[in-house]
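K.L.:
Sequence:
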Amino acid sequence: MFAVSLPTSLYSPSLMKPLLTLCLAGSLCWLGAAELQAQQLRLPAMSPTVRTRQDFSTSFIELTYARPSKRGREVFGKLVPNGEVWRTGANSSTRIRFGEEVKFGGQVVPAGTYALFTIPDPKEWTFILNKDTSQWGAYDYRPELDLLRVKAKPRASNTAMESFSLGLENLQPEAAELTLRWDKVRVSVPIVADPDARIMAQIQEAMQGDKKPYFAAAQYYYSTGKDINQAISWLDESIKKQPSYYAYYWKGKMLQKAERKTEAAEAARQSLALVKNEKNAPTREEYTRLNEQLLKEVGGKKK
Numbered sequence: 001m002f003a004v005s006l007p008t009s010l011y012s013p014s015l016m017k018p019l020l021t022l023c024l025a026g027s028l029c030w031l032g033a034a035e036l037q038a039q040q041l042r043l044p045a046m047s048p049t050v051r052t053r054q055d056f057s058t059s060f061i062e063l064t065y066a067r068p069s070k071r072g073r074e075v076f077g078k079l080v081p082n083g084e085v086w087r088t089g090a091n092s093s094t095r096i097r098f099g100e101e102v103k104f105g106g107q108v109v110p111a112g113t114y115a116l117f118t119i120p121d122p123k124e125w126t127f128i129l130n131k132d133t134s135q136w137g138a139y140d141y142r143p144e145l146d147l148l149r150v151k152a153k154p155r156a157s158n159t160a161m162e163s164f165s166l167g168l169e170n171l172q173p174e175a176a177e178l179t180l181r182w183d184k185v186r187v188s189v190p191i192v193a194d195p196d197a198r199i200m201a202q203i204q205e206a207m208q209g210d211k212k213p214y215f216a217a218a219q220y221y222y223s224t225g226k227d228i229n230q231a232i233s234w235l236d237e238s239i240k241k242q243p244s245y246y247a248y249y250w251k252g253k254m255l256q257k258a259e260r261k262t263e264a265a266e267a268a269r270q271s272l273a274l275v276k277n278e279k280n281a282p283t284r285e286e287y288t289r290l291n292e293q294l295l296k297e298v299g300g301k302k303k
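Note that UniProt numbering has the sequence shown beginning at 1, numbered continuously upward.
Honestly, the hints are just simulated from the structure, not real lab data.
Positions of the beta carbon are idealized from the N, C-alpha and C atoms, including for glycine.
It is possible that part of the hints are untrue.
[To be verified] Simulated restraints, written as ranges between beta carbons of each label pair:
1) Gly137 - Gly72: 21 to 29 Å
2) Asn170 - Glu124: 17 to 25 Å
3) Thr113 - Gln202: 38 to 46 Å
4) Glu297 - Ser163: 44 to 52 Å
5) Phe60 - Gln293: 52 to 60 Å
6) Val192 - Leu43: 35 to 43 Å
7) Phe60 - Glu297: 50 to 58 Å
8) Ala45 - Val108: 31 to 39 Å
9) Arg51 - Asp236: 41 to 49 Å
[As the list claims (entries may be wrong)] Simulated crosslink set (EDC-like; lysine to aspartate or glutamate; CA at most 20 Å straight-line):
10) Lys226 - Asp236
11) Lys78 - Asp194
12) Lys296 - Glu263
13) Lys153 - Asp140
14) Lys131 - Glu144
15) Lys296 - Glu286
16) Lys241 - Glu285
17) Lys261 - Asp227
18) Lys78 - Asp121
19) Lys184 - Glu263
20) Lys257 - Glu237
21) Lys78 - Asp183
22) Lys211 - Asp236
23) Lys257 - Asp236
24) Lys131 - Glu100
25) Lys301 - Glu263
26) Lys103 - Glu169
27) Lys261 - Glu285
28) Lys212 - Glu237
29) Lys296 - Glu259
30) Lys103 - Asp55
31) Lys151 - Glu259
32) Lys103 - Glu177
33) Lys131 - Glu84
34) Lys131 - Asp121
35) Lys78 - Glu124
36) Lys276 - Glu286
37) Lys226 - Asp194
38) Lys276 - Glu266
39) Lys261 - Asp236
40) Lys261 - Glu297
Please put together the full structure from these sequences, using the hints given.
P.N.:
Structure below.
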């Protein structure tokens with residue numbers, strides 16, 4: 001026989017019976033107690049998981065990845081070998097999800113979720129979208145499941161980034177750059193959406209219904225350079241239903257684009273008259289400033 005000193009945190013009636021049973025097996029007693037202790041610990045993640053969802057175009061882009069840190073190590077060429085497929089982060093392979101069809105580095109990608117792998121190289125990186133999203137690391141990577149590969153030029157940064165980072169930069173309504181940063185390396189791939197056909201179909205269908213999106217459709221036509229007279233016509237319909245200072249301001253901007261300056265000035269003055277009743281001071285001040293700037297640009301005067 002031999003005596004075993006049980007850890008204080010495990011010394012409870014509910015645990016005594018299983019632990020004493022293990023004691024009969026000699027060294028298994030301490031191993032079992034240590035394992036139970038470990039299960040109670042919550043330690044900081046060495047490579048914490050990041051999940052981000054960014055509104056993009058008419059849908060979204062989601063990223064799920066783990067962020068390793070340098071911790072005094074040499075990253076590219078040592079910790080992450082050049083010329084080999086990398087999970088692009090830590091732990092499970094990185095995943096990217098597109099809510100609609102996009103072009104990734106100039107190549108068409110259907111909506112869906114993909115594993116994102118890379119092949120680092122001092123002169124030219126390779127970004128890979130792979131259909132197998134359930135992998136741990138890149139140990140079971142299969143190139144036959146690649147959807148595409150695109151090349152990207154890395155850029156050197158003056159400041160070393162301690163933790164790996166992956167995100168969307170230079171975000172525009174229909175374009176962005178997927179940018180990887182770690183240590184002194186920065187590398188990006190362009191992502192471009194083309195939702196115009198879908199939006200135009202939505203507008204056409206909505207205009208047949210009872211609730212016609214006059215204001216939203218007018219703004220889309222204005223921002224994308226489509227028929228400006230049609231946009232003004234829709235905005236007039238919106239104003240008939242609900243006159244507002246913001247609708248008159250946008251009507252003024254559209255009339256300015258159509259080079260109808262006298263009408264643009266009149267729309268700005270109507271907007272100024274209505275915005276005086278706005279209770280929110282910052283909003284009132286902003287639209288006052290915007291309309292005064294519009295009047296200045298079209299050569300109009302306040303009344």
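K.L.:
All the hints need checking, so say for each whether the structure fits it.
P.N.:
To see whether the hints hold, each was checked on the structure:
1. For the pair Gly137 and Gly72, the beta carbons lie near 22 Å from each other, so the given range of 21 to 29 Å is met.
2. For Asn170 and Glu124, the hinted distance range of 17 to 25 Å is satisfied, since their beta carbons lie about 21 Å from each other.
3. Between Thr113 and Gln202, the C-beta spacing of about 25 Å breaks the proposed range 38 to 46 Å.
4. Taking 44 to 52 Å as the suggested C-beta distance range, the pair Glu297 and Ser163 conforms, at roughly 47 Å.
5. The hinted window of 52 to 60 Å between Phe60 and Gln293 is violated, with their beta carbons roughly 34 Å apart.
6. Range check, Val192 to Leu43: Cβ separation about 42 Å, and the 35 to 43 Å hint holds.
7. Distance hint check for Phe60 and Glu297: the Cβ-Cβ separation is about 36 Å, which falls outside the suggested range of 50 to 58 Å.
8. Checking the proposed 31 to 39 Å range against Ala45 and Val108 shows it holds: the Cβ atoms sit about 36 Å from each other.
9. With their beta carbons about 45 Å apart, Arg51 and Asp236 fall inside the hinted range of 41 to 49 Å.
10. Distance hint between Lys226 and Asp236 is fulfilled; the C-alpha atoms sit about 17 Å from each other, no more than 20 Å.
11. With a C-alpha separation of about 40 Å, the suggested pair Lys78 and Asp194 falls outside the 20 Å cut-off, and the hint is violated.
12. Under the criterion of a C-alpha separation no larger than 20 Å, the hint pairing Lys296 with Glu263 is consistent with the structure, at around 14 Å.
13. With a C-alpha separation of about 27 Å, the suggested pairing of Lys153 with Asp140 is violated against the 20 Å cut-off.
14. The hinted pair formed by Lys131 and Glu144 meets the criterion: a straight-line CA distance of about 9 Å does not exceed 20 Å.
15. For the given pair, Lys296 sits about 15 Å from Glu286 by alpha-carbon distance, which is consistent with the 20 Å threshold.
16. Between Lys241 and Glu285 the CA atoms are separated by roughly 25 Å; this puts the pair beyond 20 Å, and the hint is violated.
17. Only pairs whose Cα atoms come within 20 Å are accepted, and Lys261 paired with Asp227 is accepted, the gap being roughly 18 Å.
18. Between Lys78 and Asp121 the alpha-carbon distance is near 12 Å, which keeps this suggested pair within the 20 Å criterion.
19. This hinted pair does not check out: Lys184 and Glu263 have alpha carbons roughly 55 Å apart, beyond 20 Å.
20. The straight-line distance between the Cα atoms of Lys257 and Glu237 is roughly 19 Å, inside the 20 Å bound, and the hint therefore holds.
21. At most 20 Å may separate the alpha-carbon atoms for a hinted pair to count; Lys78 and Asp183 meet this at roughly 12 Å.
22. Pair hint Lys211 plus Asp236 holds up; C-alpha atoms about 15 Å apart against a cutoff of 20 Å.
23. Between the alpha carbons of Lys257 and Asp236 the distance comes to roughly 16 Å, so the proposed pair stays at or under 20 Å and holds.
24. At roughly 16 Å between alpha-carbon atoms, Lys131 and Glu100 fall within 20 Å of each other, so this suggested pair holds.
25. Pair hint Lys301 plus Glu263 holds up; C-alpha atoms about 12 Å apart against a cutoff of 20 Å.
26. The straight-line distance between the Cα atoms of Lys103 and Glu169 is roughly 16 Å, inside the 20 Å bound, and the hint therefore holds.
27. At most 20 Å may separate the alpha-carbon atoms for a hinted pair to count; Lys261 and Glu285 exceed this at roughly 23 Å.
28. Between the alpha carbons of Lys212 and Glu237 the distance comes to roughly 10 Å, so the proposed pair stays at or under 20 Å and holds.
29. With a C-alpha separation of about 14 Å, the suggested pair Lys296 and Glu259 falls inside the 20 Å cut-off, and the hint holds.
30. For the proposed pair Lys103 and Asp55, the alpha carbon gap of about 16 Å is at most 20 Å, so the pair holds.
31. The suggested pairing of Lys151 with Glu259 is violated, with an alpha-carbon distance near 45 Å, which exceeds 20 Å.
32. Restraint check for Lys103 and Glu177: satisfied, since their Cα atoms lie roughly 11 Å apart, inside the 20 Å limit.
33. About 19 Å separates the Cα atoms of Lys131 and Glu84, which keeps this hinted pair within 20 Å; it holds.
34. A hinted pair counts as satisfied when its Cα atoms are at most 20 Å apart, and Lys131 with Asp121 does not qualify at roughly 23 Å.
35. Between Lys78 and Glu124 the CA atoms are separated by roughly 17 Å; this keeps the pair inside 20 Å, and the hint holds.
36. Straight-line distance between C-alpha atoms of Lys276 and Glu286 comes to about 11 Å, which keeps the hinted pair within the 20 Å bound.
37. The straight-line distance between the Cα atoms of Lys226 and Asp194 is roughly 15 Å, inside the 20 Å bound, and the hint therefore holds.
38. Between the alpha carbons of Lys276 and Glu266 the distance comes to roughly 16 Å, so the proposed pair stays at or under 20 Å and holds.
39. Between Lys261 and Asp236 the alpha-carbon distance is near 17 Å, which keeps this suggested pair within the 20 Å criterion.
40. The hinted pair formed by Lys261 and Glu297 meets the criterion: a straight-line CA distance of about 9 Å does not exceed 20 Å.
Hints 3, 5, 7, 11, 13, 16, 19, 27, 31 and 34, counting from the list given before, are not met by this structure.
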